[in-house]
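Trainee: Line by line, the protein sequences give chains A and B.
No gaps in the numbering here: position 80 of the first sequence is 81 in the numbering used here, and each next residue is one more.
No gaps in the numbering here: position 163 of the second sequence is 627 in the numbering used here, and each next residue is one more.
It cannot be assumed that every hint is accurate.
To be verified - Straight-line alpha carbon distances no greater than 20 Å define the calculated SDA-like cross-link-like pairs of lysine to any residue that follow:
1) K504(B) with A529(B)
2) K82(A) with R103(A)
3) K504(B) with R52(A)
4) K504(B) with A13(A)
5) K82(A) with V38(A)
What the hints assert, rightly or not - Listing some non-contacts, in silico: residues in chain B with all C-beta distances to chain A over 12 Å:
6) A472
7) I492
8) E493
9) L507
10) L533
11) L555
12) L571
13) L574
14) R575
15) R609
16) L615
17) P639
Source of the hints: derived by calculation from the structure; they are not laboratory data.
Just so we're clear, the structure is a prediction, and the values are computed from it rather than from any experiment.
Glycine included, each C-beta is placed from N, C-alpha and C at the ideal position.
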Amino acid sequence: MTRGDALALAVAAAIVGALYAHLWQPSVAASRFDVSVGGKPVGHYSMMVDRTLQIQGRMGVSTLKVENGRVRFLDSPCRNKICVHSGWLGHSGDAAACLPNRVSISLSGDAGSGLDAVSF
Amino acid sequence: MTQTQLIADREDRLVAGFATLAIVIHVIEAGFPSPIPGVKPGLANVITLIVLLRHSLRMAIWVAALRVLVGSLLVGSFMTPGFWLSASGALGSLLALSLGSGWNRLLPSLRLSAVGLSVLSALAHMGGQFFVAYEVFVPHPGLLRLMPPLLTAALVFGVATGLVAAGIVRRLGPPVPST
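With the rest of the complex left out, here is chain A:
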């Protein structure tokens, strides 16, 4: 091993370490969420205010419930109810969608980047 090799190894290890630090952050609680219909944003809401929202989609009205800093699909006029089964979402980067009704929500936090957590 030459000194150059040691340098290369150190740089490589630093890059990998930095990627761990950057990409493996613990998920952050979301502070707000965006609602889109058919890919177009129709509004963003705070997670801090408990309420029930009625979102007009392509098939009908999807109902969202916000409670204790979390949000979920309460009901949607679709057949499979995948959105409803997504359950409560509370982490930045989480998302849920009712594809038949074209309604989707995505959560974001103050950390900003959408890479903090993932769910389908």
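We have chain A already, so just place chain B on it with the hints.
Mentor: Here is chain B on its own, set in the frame of chain A:
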């Protein structure tokens, strides 16, 4: 009518021989199931490194390109996503090896030997694959979470590959000059 005659010179024959070795390793390695998807020792890269260290960057590029092309034809993955990942990985690793060779010319005091070159090329290989995988095949943020552990594997296997290549180059000695 003019006739073009292609004569294989010594370099062509060396490239063919080394590429054959690399292809055999590539195919054997493809036959082994990997415990973790995406993690492979990348032993075929040993050949690329040996060619780079004993001969030239130009020949190393030839050997790697032939290996990816013929290896994919033999395994049956030509033009599949796996082939593009393999090709982008090879491209990344060759780019790293080119930069490494340039570095060695500019800064002989901090010369990279087989181990350093191998580590950089392994990381670049994984990086190139990830770039294509994320940009083309699965543009999902979840994919990026796989990157750190896969790069760690690349780091470890890069060192191992480099040590193997260094050992082989030591045993082979300098290339025999052509008669």
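Trainee: Evaluate each hint against the coordinates.
Mentor: Hints, one by one, checked against the model:
{"no.": "1", "hint": "K504(B) with A529(B)", "in the structure": "holds, 18 Å"}
{"no.": "2", "hint": "K82(A) with R103(A)", "in the structure": "holds, 13 Å"}
{"no.": "3", "hint": "K504(B) with R52(A)", "in the structure": "violated, 51 Å"}
{"no.": "4", "hint": "K504(B) with A13(A)", "in the structure": "holds, 18 Å"}
{"no.": "5", "hint": "K82(A) with V38(A)", "in the structure": "holds, 17 Å"}
{"no.": "6", "hint": "A472", "in the structure": "holds, 36 Å"}
{"no.": "7", "hint": "I492", "in the structure": "holds, 27 Å"}
{"no.": "8", "hint": "E493", "in the structure": "holds, 22 Å"}
{"no.": "9", "hint": "L507", "in the structure": "holds, 19 Å"}
{"no.": "10", "hint": "L533", "in the structure": "holds, 28 Å"}
{"no.": "11", "hint": "L555", "in the structure": "holds, 19 Å"}
{"no.": "12", "hint": "L571", "in the structure": "violated, 7 Å"}
{"no.": "13", "hint": "L574", "in the structure": "violated, 4 Å"}
{"no.": "14", "hint": "R575", "in the structure": "violated, 5 Å"}
{"no.": "15", "hint": "R609", "in the structure": "violated, 6 Å"}
{"no.": "16", "hint": "L615", "in the structure": "violated, 5 Å"}
{"no.": "17", "hint": "P639", "in the structure": "holds, 21 Å"}
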